[in-house]
Amino acid sequence: MQLKDLENKNIGVWGLGNEGEALVRFLRAQYPDIRLKIFENDAAVQLDGLDIIIKSPGVSIYKPLLSDAKRQGIKFTSGTDLFFNEIRARHPHCKIIGVSGSKGKSTTSSLLYQALSHLKQRVGFGGNIGKPLIELLNEEYDYIVAEVSSYQAADLTASPHIILFTNLFPEHIDWHLSHENYYRDKIHLIANQKPGDIAFVNDRCEKLKKYVGTYPSLTKSFYNISEGFHAEGRELYYGGQKILDISETKLNGYHNLDNMAGVLSVIGYLGFDIQTALEALKDFSALPHRLQKFYSFHGTDFINDSISTAPETALAAMKSFDEDMLIVLGGYDRQQDYSELAGYIAQNPKVKAAVTLFQTGPRIAKTLREKVVRKDFCLCCVQNLTEAVSVIYQKIKDCGIKLVLFSPAAPSYDSYQHFTERGDDFMKQVIHQGKEGKHAA
-16 MQLKDLENKN
-6 IGVWGLGNEG
4 EALVRFLRAQ
14 YPDIRLKIFE
24 NDAAVQLDGL
34 DIIIKSPGVS
44 IYKPLLSDAK
54 RQGIKFTSGT
64 DLFFNEIRAR
74 HPHCKIIGVS
84 GSKGKSTTSS
94 LLYQALSHLK
104 QRVGFGGNIG
114 KPLIELLNEE
124 YDYIVAEVSS
134 YQAADLTASP
144 HIILFTNLFP
154 EHIDWHLSHE
164 NYYRDKIHLI
174 ANQKPGDIAF
184 VNDRCEKLKK
194 YVGTYPSLTK
204 SFYNISEGFH
214 AEGRELYYGG
224 QKILDISETK
234 LNGYHNLDNM
244 AGVLSVIGYL
254 GFDIQTALEA
264 LKDFSALPHR
274 LQKFYSFHGT
284 DFINDSISTA
294 PETALAAMKS
304 FDEDMLIVLG
314 GYDRQQDYSE
324 LAGYIAQNPK
334 VKAAVTLFQT
344 GPRIAKTLRE
354 KVVRKDFCLC
364 CVQNLTEAVS
374 VIYQKIKDCG
384 IKLVLFSPAA
394 PSYDSYQHFT
404 ERGDDFMKQV
414 IHQGKEGKHA
424 A
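According to our numbering, the sequence shown holds residues -16 to 424 in order.
Watch out, some of these pointers could steer you wrong.
To be verified - List of simulated lysine-lysine pairs, DSSO-like, C-alpha gap at most 27 Å:
#1 265 x 302
#2 193 x 203
#3 -13 x 58
#4 53 x 78
Hints listed in this document are in silico derivations from the structure and should not be mistaken for laboratory results.
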């Protein structure tokens, strides 16, 4: 759907998150006579007389009320869908690069934006991170880097010209109702690509390859393969040539080299200079709440990785450090499987302790007790972050911990509005209790 399809229609805007609010501002500025009804939440929705509903990402496509509206002949679109269609129609010279994946999409899209900016391209940046995309519509760009969530991708009628997929594993079951729905909704980002478009896919993620493979006629290129850009341990290669060591960057986390492999694959496809792009990647600083070192206490470093909402991300975080560590785990329960995570801890003597908390805390603790039989492993189950941090400071003294990793492996929604709020609280508690002095070594 394009903006012209909204003319002379009765339009409802369902949901007023960042995207919904930006869309209302844009439509009222561009079309002063537009007929809008705004519904801030589900209870406020009134379907009578509506021709089109523009829904915010937070409105699940599986809501019964949405199905009722479709049966009444009401058409649906979103700010992201309008933007993608409008760019293709009005700005054919501009290429949208959509970045998505269960994890890593914010860092990857930011890396790509920094590289293209360093290459002196006119590049816009928005979507699930930064500006709502609709705010970029009236600017002139060569490229637009768009981070796209599964919520935004699920019902698109247009796709980006170039797509970069980082990975795929279970997430967001509350919105998608099942993991299978989530996988298919996430990969729907590719569904409307056209001849000449392309998707870059991480070859190391089997689930990602499986679901992308359900679109066999679309053009795909795989990265993290031996003949292309690929990560090995702490190093990044192109074919057999080493081009970067993680120590040359400002990032923690070896998985960031996987992200860089994808970014450089896109840069190479576009025909830009790889060395210039590499210099931009070296200068990139970690985003907040993503393996963020924020405090040191008597030789022990504290890492805030609150963005970790799945066991796979906590596993990747642990693999990024060689120090004796304590990991903090737990959050909102999305029926995720923690057995592989526990198995890794069981086999890694560097993980000296774990503190579990929140809704999934007891279940994670049970799995750890079943898997980890090392006598030197310490496990504590607490209720909240205040208790957790108090225990952490005690274990630093008792167990010789050199690194505390807050990588919850679960969403925040049981106790916080967002992972950023959770991360901020963790950092506040750590710094406050550390400066109180009662934990002095």
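Each hint, compared with the structure:
The suggested pairing of residue 265 with residue 302 holds, with an alpha-carbon distance near 21 Å, which does not exceed 27 Å. For the suggested pair residue 193 and residue 203, the alpha carbons sit about 13 Å apart, so the restraint of at most 27 Å is met. Distance restraint check for residue -13 and residue 58: the Cα-Cα separation of roughly 14 Å lies within the 27 Å cut-off, and the hinted pair is therefore satisfied. For the given pair, residue 53 sits about 32 Å from residue 78 by alpha-carbon distance, which is inconsistent with the 27 Å threshold.
The structure is inconsistent with hint 4 alone, although it conforms to all the rest.
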